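Just so you know, the protein sequences line up as chains A and B, in that order. Numbers 0 to 526, taken from numbering that gives the first Met the number 0, label the letters of the first sequence in order. Numbers 0 to 329, taken from numbering that gives the first Met the number 0, label the letters of the second sequence in order.
Misleading hints may appear alongside valid ones.
Unchecked claim - Each computed BS3-like pair below joins lysine-lysine, with the alpha-carbon atoms no more than 30 Å apart:
1. A:361 <-> B:201
2. A:239 <-> B:279
3. A:231 <-> B:199
4. A:239 <-> A:276
5. A:182 <-> B:279
6. B:279 <-> A:361
7. A:168 <-> A:361
Unchecked claim - Footprint (simulated), chain A over chain B, 3 or more residues, beta carbon under 8 Å:
8. 199 to 211
9. 214 to 223
Rather than coming from a laboratory, the hints here were simulated on the basis of the structure. Since this is a predicted model, take the numbers as computed values, not measurements. Note that CB positions come from ideal geometry on N, CA and C, so glycine has one too.
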Amino acid sequence: MSALMRVEERRKNRLATGVVTNLQAPVLRAQHLSKQYGLATVLSDINLDVFPGEIQAIIGENGAGKSTLMRILSGYVEPTEGEIWTDSQQVAFARPREAQEAGIALVHQEILLADALTVAENLFLGRNLGRWGLVDDRQMRRVTVERLAEIGCAVSPNAIVGAIPLADKQLVQIAKALLDEHKVVIFDEPTAVLTGEEVLKLQDVILRLKARGIAVLYISHRLDEVQRLADKVTVLRDGKLIGSYPGRTLSQMDMARLMVGRELAALYPEKPAASVKEPILAVCNAHVTGRVDRVSFTLHKGEILGFAGMIGAGRTELFEGLVGLRPSKMSVTLNGKAIHLRSPRAALDVGIGYLTEDRKGKGLILQDRVAPNLTLSALARVHPGLWLRRGREAAAMREAVVKYDIRLKSLRARAGELSGGNQQKLLLAKLMLTDPSVVIIDEPTRGIDIANKAQIYAFIRGLVAEGRACIMISSEMQELIGICDRILVMRKGRITGEVFGDRMTEDEIAFLATTESAHFHGAGDPT
Amino acid sequence: MTIMTDLAPARRFREFNLTWSDVGPFLALAALLIVGFFINPEFLSATNLANVITRSAFIAIIAVGATFVISSGGLDLSVGSMAAFITGVTIMFMNRLAPGAQGWAIPAGMAMALLAGLLCGLANGLIVTVGRIEPFIATLGTMGIFRALITYLSDGGTIPIDRSLRDLYRPVYFGTVAGIPIPILISIVVTVAAAFLLYKTKYGRECAAVGASEDVARYSGISVVRTRTVAYVIQGVCVAIAAICYVPRLGAATPTTGLLWELQVITAVVIGGTALRGGKGHIWGTVAGAVILELIANLMVLSDFVSEYLVAAVQGAIIIIAMLVQRFSK
């Protein structure tokens, strides 16, 4: 019997009986789970009950042990102590395959697809459907279309995965995890790379799983999402279970407090009163082929200017074009002088720094130590003269570690060993070492926890208070509203509107980011 | 949660964490010397070792250059034919000058060799960086070109060095200073200079960064084109230095000069601990690698266990073992 037939069979059986398992018994139960790596205890004495048709959110700071717990439950890691039960049977998973056979699937945070293969090939990778010893492509394509349609994804089964947008990749990955019928589906930060509409799509997928009686375990840093979706919220802190709470009874601030274990100061720093500001950077008629069309704006000293929009609106491309990372045409004026930047080096030399959204792929050399990473953009500044000055480098490093509160096991740690939040702070420190007057930060808080977020917001506010100017690109409308003095909204490569003061609301931004006919010739236009 | 446990003083900061790829090549070298001694005590005699290391000097010098190219994420297959080409051009140039300039033809020829190496390296570098052609393909092309040029220049035969220069030039390969053969001294100078460049200068940092992640380097404001091109130029100059040492050994250039050197060079770099995909380069490991290759060949000649026709097979096995050791020591 082919894999597909088995899947279909199980599906039909389930539909025919109409029963979604006994609602009283937990479908998955963990008791006294602990995990130690050497002397370090990552998880201690975790008890967890997951019921059919329940959406349970797992929240906690980076390093709280969420991912380890999920990895144990899905067979990627074996616990040091403790028991796992599914449907009242004790189980021990030695590998992910065994967890899958017991009906537990994990949707990874990272995209684990083969870029060079098609969507359909990826979906069936390792379990090709065959007939008479041949691969049955037509059948696989048919099933792919069906399964993708179920989760609201219209990408072609013949598309090469490397060429489809990140959000579609995420959906393909989810479809792949859901190919077999599961009792428990674990999502590890599924929305970290998604925006607006795609997040809604995914929430829809999750609600549909719930309606089918499937239990969903859900890790997310987006507390608004957790509040909307979760039936139960389980909080972890420093590897310990803090508690499980019925969903919707906790406010976002309550959740943050439980995660951090102390009162949080306000997430966003206070905005200074508006004052007359002098322009520092003016961009006029920016073009990036196929991505950005006739964009003009002005940035003022001491200002945080937000760029909102959907993924693909051209925000990242606009600024990569500005600093010479991709071909572009635009007239740029910095402090009243016309400049033309042909390379990131030239941009850094005039004091414009761009901090990438892809901190692992384009920001840090993960296998290298922290100090060389920190100084990579500012080699000439840290090491004047012919040879490397280790003493100066060490001093710069210690200063950055203290100033940006970068937490390391040792000063010789490798960049890849840092948590996401600390990597982001390291990146910020790396950029600030070049002493830029204009700081462009792309997605400054993607996938990092709330305590680190608050710190990064404070750093950004602090650096504009020193007289620099900051452009912040973000897909999280709340953070743009929370920290920016002014927000420009882009859609399909054009600026569709500007909001500030009272008009900075999610509704207004969402409207501008999605509306076809909005035209903008706002105050930011330097002409 | 990660906690900053020590804000250590600068002294701690400079501590070394030795890994297999750092010490492996030297352990292998030491093991080889010990094994060699038991097989044939003659192996460890000063004359034999000096001989072997002198012979490994060409590969070592070229491999030091290759460490830059490979560390920056490139590859150069053309080094063997480039060495032949430079040797040929240099000899022709010196022969032309010899009647008028006499002894001065030799330094002029050396300068000519360095210039030729620099230009050949620059050509390779520009094809790879500005032309955006895979290093493998680009240097496969120039490998063919250089080899064809030396065959054409020598008309398929040999280009011998002029009689008047032969004795004057001889010491560069056969001479000694304080009992140490000159090629060994030259390789030491080249290696020290290269280690300084790779480990103690900004260029070395940029080179390793470009090799570890081209994207990160680009986004950090490092010019990938400049860094890689310079690595190929360094490679070209190293090939020229090796060619300068090589001229007196045979006193001629032939179409088979430097044949398959590229394989030995890449082997030396890889068993020296530098990853072929780029990143941190191991200059001293590379030199150890080059010596290991020559020692194995020597050992096989001195012993009767294995036919020396199998030298290449043993060297091939060594590179695979070296890679396996690197893989499993992680």
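Cross-check of the supplied hints:
no. : hint            : result
1   : A:361 <-> B:201 : holds, 20 Å
2   : A:239 <-> B:279 : violated, 40 Å
3   : A:231 <-> B:199 : violated, 56 Å
4   : A:239 <-> A:276 : violated, 49 Å
5   : A:182 <-> B:279 : violated, 47 Å
6   : B:279 <-> A:361 : holds, 18 Å
7   : A:168 <-> A:361 : holds, 19 Å
8   : 199 to 211      : holds (count 9)
9   : 214 to 223      : holds (count 9)
When held up to the earlier numbered hints, the structure conflicts with 2, 3, 4, 5 and fits the remainder.
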